[in-house]
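Chemist: Sequence:
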Amino acid sequence: MGRIIAIANQKGGVGKTTTSINLSACIAAKGKKVLVIDIDPQGNTTSGYGIDKNNLENTIYELILGDCSIEDCLLKDVIKNVSIIPSNVNLAAAEIELIGVEKKEFILKNEVDYIKDRYDFIIIDCPPSLSMLTINAMTTADSILVPIQCEYYALEGLSQLIHTVNLVKERLNPDLEMEGVVFTMYDSRTNLSAQVVENVKNHLKQNVYKTVIPRNIRLAEAPSYGLPINLYDPKSAGSESYMALAKEVISRRRG
3 MGRIIAIANQ KGGVGKTTTS INLSACIAAK GKKVLVIDID PQGNTTSGYG
53 IDKNNLENTI YELILGDCSI EDCLLKDVIK NVSIIPSNVN LAAAEIELIG
103 VEKKEFILKN EVDYIKDRYD FIIIDCPPSL SMLTINAMTT ADSILVPIQC
153 EYYALEGLSQ LIHTVNLVKE RLNPDLEMEG VVFTMYDSRT NLSAQVVENV
203 KNHLKQNVYK TVIPRNIRLA EAPSYGLPIN LYDPKSAGSE SYMALAKEVI
253 SRRRG
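Just remember that the working numbering sits 2 ahead of the position in the sequence shown, which is counted from 1.
No lab work stands behind these hints, which were simulated from the structure alone. In this text the structure is predicted, and so the values were computed from the model without any measurement. We put the CB at the ideal spot given by N, CA and C, even for glycine. One should not assume that every hint holds.
Computed beta-carbon distance windows for the label pairs [to be verified]: (1) K82 - A246: 34 to 42 Å; (2) R191 - G102: 50 to 58 Å; (3) S190 - D115: 41 to 49 Å; (4) N209 - Y154: 33 to 41 Å.
Capping the alpha-carbon separation at 27 Å, the derived lysine-lysine pairs in DSSO-like fashion look like this [to be verified]: (5) K118 - K82; (6) K55 - K82; (7) K171 - K32; (8) K78 - K55; (9) K118 - K171; (10) K32 - K212; (11) K78 - K35; (12) K13 - K111; (13) K106 - K82; (14) K78 - K111; (15) K82 - K249; (16) K34 - K78.
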């Protein structure tokens, strides 16, 4: 049965979408079948895989509202071994439309249950907020992977995120675990990046991945070409680091 990992951090600009696109593609490059679920209304993971997010008949928005089945909005083999449930700006309205809906925290889980056995990994890209969409991702997931930018305010908001994870675990999904923390946008030229890494390691009782994702111009360019980094520039530092992270994620056993 597939492992479901939600990539979450309510801070924006920490590398959630970059990690969702490139980790999923690099896991797939190692021969695993991967489903990517874009649950961010910005739809950047969708467009980062070269999909025109504004011309889609069925997206996760229609799925959440019950207007289509999970099969209807599944885009199969966007690249080898990667399928996607896409998103676009329509999803921003879902929060309001779900007011008063019973068991709304489990809508995504109930849909994903139908197809999860087809995949080795399911990666969910969450919006930069602790919203009902993020709660849906957390009730669906086995674990939460938190990208943290190597900057001064890195730890800000992290305790809130961990508190939310613990609440979801207590009330909605007792099997939810912290997958761990991955450092992004690491700049080896600055003392600050190294200090942030040390600071977080000292403060967190969470797993911290050994792989650190560097600041890398090729990583920043890749989405505008609609390609994950391992296809856009396989020899770049960004590609090598996400391949290393994929290897770590695959080898990490649950339990």
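Chemist: Between the alpha carbons of K78 and K111, is the straight-line distance 27 Å or under?
Modeler: Between K78 and K111 the Cα gap is close to 19 Å, so the pair holds against 27 Å.
Chemist: Would the hint linking K82 and K249 be met if the CA-CA limit is 27 Å?
Modeler: holds (18 Å)
Chemist: For the pair supplied as a hint, K118 and K171, confirm whether the alpha-carbon distance does not exceed 27 Å.
Modeler: With a Cα-Cα distance of about 20 Å, the restraint between K118 and K171 holds, given a limit of 27 Å.
Chemist: Can you confirm whether the C-alpha distance between K13 and K111 stays at or below 27 Å?
Modeler: holds (24 Å)
Chemist: Quick one: are K82 and A246 within 34 to 42 Å, going by C-beta?
Modeler: Taking Cβ atoms as reference, K82 and A246 lie about 20 Å apart, which means the hint is violated.
Chemist: Quick one, are K78 and K35 close enough, alpha carbons at most 27 Å?
Modeler: holds (11 Å)
Chemist: Is the hinted pair K34 and K78 satisfied, with a Cα-Cα distance of at most 27 Å?
Modeler: holds (14 Å)
Chemist: Has the given pair, K78 with K55, been kept, meaning a C-alpha gap of at most 27 Å?
Modeler: holds (15 Å)
Chemist: Holds or violated: K106 and K82, Cα atoms, limit 27 Å.
Modeler: violated (33 Å)
Chemist: State, for the Cβ atoms of S190 and D115, whether the hinted interval 41 to 49 Å holds or is violated.
Modeler: With Cβ atoms ~43 Å apart, the hint holds.
Chemist: Against the 27 Å threshold, does the CA-CA distance of K32 and K212 hold or violate the hint?
Modeler: Since the Cα atoms of K32 and K212 sit roughly 19 Å apart, the hinted pair holds (cutoff 27 Å).
Chemist: Take the C-alpha atoms of K118 and K82, compute the straight-line distance between them, and say whether it is at most 27 Å.
Modeler: holds (18 Å)
When each numbered hint is compared with the structure, violations occur for hints 1, 4, 7, 13.
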